[in-house]
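Top to bottom, those sequences are chains A and B. Take the numbering used here: the last position of the first sequence gets the number 174, and nothing is skipped along the way. Take the numbering used here: the last position of the second sequence gets the number 174, and nothing is skipped along the way.
Think of the hints as simulated: they come from the structure by calculation, not from any bench. Bear in mind that the values here come from a model prediction, so they are computed numbers and not experimental data. There's no promise every hint is true.
Because identical chains share one entry, a pair is satisfied inside a single copy or across any pair of copies.
Said to hold, decoys possible - SDA-like cross-link-like pairs, simulated, lysine to any residue; straight-line CA separation at most 25 Å:
| no. | residue 1 | residue 2 |
| --- | --- | --- |
| 1 | 68 | 118 |
| 2 | 68 | 171 |
| 3 | 68 | 30 |
| 4 | 68 | 2 |
| 5 | 68 | 153 |
2 protein chains.
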Amino acid sequence: MRQNPQRRAVLLDAAIEVLAREGSRGLTLRAVDAEAGVPTGTTSNYFANRAQLLVQILHRTRERLLPDPADAAGSPDTKVLLARLLDRARRERNVHIAMLELRLEATRRPELQAELAGFLRAELEANVAWHLETGLPGDRRGVVLLYLAMLGLMVDDLTVPTLLDDHPVAPLIETMAERLLEEQP
Amino acid sequence: MRQNPQRRAVLLDAAIEVLAREGSRGLTLRAVDAEAGVPTGTTSNYFANRAQLLVQILHRTRERLLPDPADAAGSPDTKVLLARLLDRARRERNVHIAMLELRLEATRRPELQAELAGFLRAELEANVAWHLETGLPGDRRGVVLLYLAMLGLMVDDLTVPTLLDDHPVAPLIETMAERLLEEQP
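Next comes chain A alone, as it looks inside the complex (with noise of 0.2 Å):
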């Protein structure tokens, strides 16, 4: 397998764009070869296959969707991250709605399933850990439930944006955070 790192990456966002404009079943390797505009039979030669590249896109959206480490810096207002992760869920939609794509796929595919597990489960854990030592408000539950409430907002957001037309986002963002953290508004 070729390892240029840059080309690697290149070739991992080309696919999460077919991803998002094909849906799975759209995503062949040949796919990705003319979404990066590069030959024919590059991708096979950085991945042994679909399954493989799969599980690569799921550990390159995470680099695509990296918090900025200035928007944790100071005084980290929960509210504040929440509406930044909204925002930059809204710039990077195409990584969000290609890992839906991977969420329905692994339904499908036991190897992908575990991986994607894995992968969830640890994110998640380190969310949980980070918010309780920065000493933000909210328990343990509240930040999971918090997590969820974010994970419908963003899935209603990214896939029927006209859907809470009537509610608007930032003071639901507001309430969810003072409610599920039980913070003093």
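Given chain A's structure and the hints, the job is docking chain B onto it.
Relative to the frame of chain A, chain B by itself:
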């Protein structure tokens, strides 16, 4: 177009199974014929094209997920209703997976997006109105937040069932209702 309602429902249920198992790109009129075990061409006698089929699947998912009237009878308790909602989602797993496929397909097809948005908005507003009219605890914003948190919970539970292994869902649902509706525990 043929109109035998029973046959039509059988074809839509077969389409839901194809969507859940193969993803949206696997959904063709012929794949529905094969899944339903009917002669090739039957589905195209009932649905003019794939776009029509997608819209009708959307409406069929609601028939499949209609709450049991017994569930809401008597003096309903939000926590009990939410726990039943999750049980129902688990029993009708493929209907929910198909619905997630429709959400992703709707990011690519404007006509399906419009239909899905109108449909989900009407459903959300009906749920909020029912909750408030029934005199259950909680305000409008709290009910919308509860909808979002349950959506997140169901997306995780259906696509990555082991993700919340360390966070049993019964207490999560209880705390979600207590805090978002500001009920006394």
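**OP:** Of all the hints given earlier, name the ones this structure violates by number, lowest first.
**Re:** Hint check: 3 and 4 fail, others pass.
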